[in-house]
Amino acid sequence: MVKNCDEDAVISGCGPVLDSLKNTDPGQCPAPELLAGYHSRKLSGKWKRQIEDHTALCPLCVRALEAMQAAEEAGTAQDGIPENWQAMENALDKRFHERLKVVSAGWTDPAGRKTTPRAERNILQSVADAVFSTKKLVFAGALASVAIAGLYSYAFFSRVDTFSLSRIQPEKITRLRAGTPDTGFGEGLRQYGMGEYGSAIHSLEDFIKENQDHYEAHYYLGISRLADAEVRLLGLPYRFDRSQVEKAVFDLEKALSLGRDNSYYTADCCWYLGKARLMLNEPAAAGEWFDRIMQLGAPYPERKEDARRMIARLDRAASALINQ
Amino acid sequence: MQGERRKAEEIETAEWLKNLLSGGDTRYWGRIFEKYKRPVFARCFGMLQNEEDARDLTSEVFIRAFENIRQYDLKRPFFPWLYRIATNLCIDFIRRNVRVRAAQEKDVENITDENGPDTRTDNEALREKIKTAIEKMKSPQKMCFCLFYLHEKSYNDIVQITGYTLDEVRSHIQNGRRKFKLAFERRV
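Sequence order for the protein chains is E and R.
Those letters in the first sequence? Residues 1 to 324, per the numbering used here, in order.
Those letters in the second sequence? Residues 325 to 512, per the numbering used here, in order.
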């Protein structure tokens, strides 16, 4: 004990000089990743020794380690939100969007090509100017315009939809047509059956103005919108109308609420609502609709099988993502 | 059930990121911000313990992640990557902040220093001796010794910071203290 006191006296005598050994330059500090690795006890051997040798004399890193410890003790991520979060959230949103606007100004080119720095782009532009004369560029531009116009015309007239709606619908359409006295509705169905989705939407919208509680009309309007929203050309998406899908969701939900007693329609509505959510890149919401089909009392077995397969695919995709 | 939801959320985020990267539509980044701003803010606030700093840094985390999005491996979960960026930025911020404070304290010390040039030379010699004495210690000893004497941390604080057990910390400090005295006296 006496010995300790003696040692303590020596050390405390060195106090001010000992203080002067402290590092005050963050430039001397190890990378934040290493310090975080040390804190999570993932470092060993040489790396651990290096961090300890440095941190011993570095109040900056000691403070950072303490902060990480404090954050951990404060609890999980969702716990540490202060009470006035709402007010702060607005300021945070504003700040983020202002910054994003500035940062994303030169970031609009698809597939990552626009990350080329501006100076570099200018050089590339000069090289391109030197290689191509203006006349050649005009000719190439005209050629490209003709090609694009041709492709779009082809796509417009062929209208290859991705939903395979026609695969399962004709039987039902025939049945309904025979049974329905509503000519406006029948016209909409006929156009839908012919693949004239745009016209079908107009006819069904007109019909619904007079018959707002006609759930079949809402249902067919919804799936016509879905079919019209995405058109593919040679298997590649060439047009996608997000607002049309959002409107389809509204129509299908309306059909679902009105035609609750018809299990056929309930299952179909859930199925297309799931598909619409997938088109909107919301797999979680899509999964809920497919789950709902599985919970239904007596939907026809094919639809239940479709839903089961779709859920399995979503689960597989999710676990692949997590495992990677 | 929670695991499944998390999986679904990851899939959703991955889709948004794919759309962002393939189409260049930055609105998808806005959606990602909406989805993860709370946990990122909580992390920053947990480390900085200051609402305004945490708010500024949260925004910075998303901007930094956006600028580096092409380095992100789409096959890996997104949130841990974002969380790492938040932690790294907080560490940098804390280091910068402590440095400013340390520099201010140093200025005050300089103003109040009334000692002459001779004392300063003596201090320089002493400083070298102490430095050598500390350098002779092994890493864990040096870490625990300095945390205790130089940074004035308690035994429990040192346990939290280093991950050593209380007994190990106690032993490292004791051995370090002995070694320091021996090395120091040998050079006096």
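Quick caveat, the hints were computed from the structure, so don't treat them as lab data.
Be aware that one or more of the hints could be misleading.
Here are the simulated SDA-like pairs of lysine to any residue, each with C-alpha atoms no more than 20 Å apart in a straight line [claimed, not checked]: (1) R:K342 / R:D377; (2) E:K101 / R:R388; (3) E:K254 / E:E288; (4) R:K505 / R:G487; (5) R:K399 / E:K94; (6) R:K460 / R:A449; (7) E:K22 / R:L398; (8) R:K477 / E:E72; (9) E:K94 / R:E391; (10) R:K361 / R:D377; (11) R:K399 / E:R313.
Which stretches of chain E does chain R cover? Using the computed rule of at least three CB atoms under 8 Å from a CB of chain R, they are [stated by the list, open to error]: (12) 47-54; (13) 61-74; (14) 270-284.
Keep in mind it's a predicted model, so treat the numbers as computed, not measured.
Every residue, glycine too, gets a C-beta built ideally from N, C-alpha and C.
Here's how the hints hold up against the structure:
no. : hint            : verdict
1   : R:K342 / R:D377 : violated (31 Å)
2   : E:K101 / R:R388 : holds (13 Å)
3   : E:K254 / E:E288 : holds (17 Å)
4   : R:K505 / R:G487 : violated (26 Å)
5   : R:K399 / E:K94  : violated (31 Å)
6   : R:K460 / R:A449 : holds (17 Å)
7   : E:K22 / R:L398  : violated (42 Å)
8   : R:K477 / E:E72  : holds (19 Å)
9   : E:K94 / R:E391  : holds (19 Å)
10  : R:K361 / R:D377 : holds (14 Å)
11  : R:K399 / E:R313 : holds (17 Å)
12  : 47-54           : holds (count 4)
13  : 61-74           : holds (count 13)
14  : 270-284         : holds (count 4)
The earlier numbered hints that this structure contradicts are 1, 4, 5, 7.
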